[in-house]
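Asks: Fit chain B to the known structure of chain A by using the hints.
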Amino acid sequence: AQKVTQAQTEISVVEKEDVTLDCVYETRDTTYYLFWYKQPPSGELVFLIRRNSFDEQNEISGRYSWNFQKSTSSFNFTITASQVVDSAVYFCALDLTQGGSEKLVFGKGTKLTVNP
Amino acid sequence: NAGVTQTPKFQVLKTGQSMTLQCAQDMNHEYMSWYRQDPGMGLRLIHYSVGAGITDQGEVPNGYNVSRSTTEDFPLRLLSAAPSQTSVYFCASSYWDSRDNEKLFFGSGTQLSVL
Numbered sequence: 003a004q005k006v007t008q009a010q011t012e013i014s015v016v017e018k019e020d021v022t023l024d025c026v027y028e029t030r031d032t033t034y035y036l037f038w039y040k041q042p043p044s045g046e047l048v049f050l051i052r053r054n055s056f057d058e059q060n061e062i063s064g065r066y067s068w069n070f071q072k073s074t075s076s077f078n079f080t081i082t083a084s085q086v087v088d089s090a091v092y093f094c095a096l097d098l099t100q101g102g103s104e105k106l107v108f109g110k111g112t113k114l115t116v117n118p
Numbered sequence: 014n015a016g017v018t019q020t021p022k023f024q025v026l027k028t029g030q031s032m033t034l035q036c037a038q039d040m041n042h043e044y045m046s047w048y049r050q051d052p053g054m055g056l057r058l059i060h061y062s063v064g065a066g067i068t069d070q071g072e073v074p075n076g077y078n079v080s081r082s083t084t085e086d087f088p089l090r091l092l093s094a095a096p097s098q099t100s101v102y103f104c105a106s107s108y109w110d111s112r113d114n115e116k117l118f119f120g121s122g123t124q125l126s127v128l
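Chains A and B, in that order, give the protein sequences.
Numbered by our numbering, the letters in the first sequence go through residues 3 to 118 in order.
Numbered by our numbering, the letters in the second sequence go through residues 14 to 128 in order.
Next up, chain A with everything else stripped away, as it sits in the complex:
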């Protein structure tokens, strides 16, 4: 069975702190895709990143970085020097279709609050 676990339901930090959001996935497939999405208080879902299972290189995009480790089935997301605008619910997701993302399995989300 495919499953995504985001064990942290809520995290609260003070601005400028670094914060890591955990994501652990389960699948027996060797080919799969992992995603992170952001949902700010406005409610819209914003795509952040997509990784395939053959690419374990960590990725950095500005203050965002992602650590993909197949050995531990984890795809963690770190925000460096957090800002109030980072406050949102963040979803990790798994896709097995080897094509479109029409069959994403989402985690339950982690609510991040960044306080000034």
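None of these hints come from the bench; they were simulated from the model.
If you're wondering where the values come from, they're calculated on a predicted model, not measured in any experiment.
Honestly, I wouldn't trust all of these hints.
Derived pair list, reagent style EDC-like, types lysine to aspartate or glutamate, alpha-carbon separation capped at 16 Å [to be verified]:
#, chain 1, residue 1, chain 2, residue 2
1, A, K5, B, D39
2, A, K110, B, D51
3, A, K113, A, E46
4, A, K72, A, E17
5, B, K22, A, D24
Sample of chain A residues lacking proximity to chain B, with all beta carbon distances greater than 12 Å (derived) [said to hold, decoys possible]:
#, residue
6, T11
7, N60
8, S67
9, K72
10, T80
Output of the computed footprint for chain B on chain A, the stretches with three or more beta carbons under 8 Å from beta carbons of chain B [stated by the list, open to error]:
#, stretch
11, 18–30
12, 108–114
Positions of the beta carbon are idealized from the N, C-alpha and C atoms, including for glycine.
Replies: Showing chain B alone in chain A's frame:
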């Protein structure tokens, strides 16, 4: 470029009523999908479509119908609304960029309450 447009943003229904949630995208994306978001449940796929004329069921399809007569539109129909369908609904479409990275675009959501 409007992206993915969902209407309405809010809707209140009585049990047993029917309605259609509209979703349109102007990006010529082949893939479209519908999700519902419930507290503590994350996002769950209802139905999806890989192109005009093709639809398939997702994780929680019961109580919902979809059709895809055009590339642009992917409406979600509730035939007989139930309180269990109270949720926030998101429509999405996706495409692949020049680096073969898929980009998923979500609409702004529809908050539905069934009394």
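Asks: Below or equal to 16 Å on CA atoms is what counts here, so check K72 of chain A against E17 of chain A.
Replies: Between K72 of chain A and E17 of chain A the Cα gap is close to 31 Å, so the pair fails against 16 Å, i.e. violated.
Asks: Minimum C-beta separation from T80 of chain A to chain B exceeding 12 Å: can you confirm that?
Replies: Non-interface label on T80 of chain A holds, nearest chain B Cβ at 20 Å vs cutoff 12 Å.
Asks: Quick one, are K22 of chain B and D24 of chain A close enough, alpha carbons at most 16 Å?
Replies: Distance of about 31 Å is beyond 16 Å: violated.
Asks: Holds or violated: is the Cβ of S67 of chain A farther than 12 Å from all Cβ atoms of chain B?
Replies: Per Cβ check, S67 of chain A is outside 12 Å of chain B; nearest 17 Å; holds.
Asks: Under 8 Å between beta-carbons, do enough residues of the stretch 108–114 of chain A, three at least, approach chain B for the coverage claim to hold?
Replies: holds (count 4)
Asks: For the stretch 18–30 of chain A, does the count of residues with a C-beta closer than 8 Å to a C-beta of chain B reach 3?
Replies: Contact hint for the stretch 18–30 of chain A vs chain B: violated, 0 residues under 8 Å.
Asks: Given the proposed pairing of K113 of chain A with E46 of chain A, does the C-alpha separation stay at or below 16 Å?
Replies: holds (14 Å)
Asks: Can we trust that T11 of chain A is non-interface, i.e. its beta-carbon lies farther than 12 Å from all of chain B?
Replies: violated (8 Å)
Asks: Tell me if the straight-line CA distance from K5 of chain A to D39 of chain B falls inside 16 Å.
Replies: Distance of about 32 Å is beyond 16 Å: violated.
Asks: Could you let me know if the closest chain B CB is still more than 12 Å away from the CB of K72 of chain A?
Replies: holds (19 Å)
Asks: Does the structure keep K110 of chain A and D51 of chain B at a Cα separation of 16 Å or less?
Replies: It holds: about 9 Å lies between the C-alpha atoms, which stays within 16 Å.
Asks: Would you assess whether N60 of chain A, listed as outside the interface, keeps its beta-carbon beyond 12 Å of every beta-carbon in chain B?
Replies: For N60 of chain A, whose nearest Cβ neighbour in chain B is about 16 Å away, the distance exceeds 12 Å, so it holds.
Checked against the numbered hints above, the structure breaks hints 1, 4, 5, 6 and 11 and satisfies the rest.
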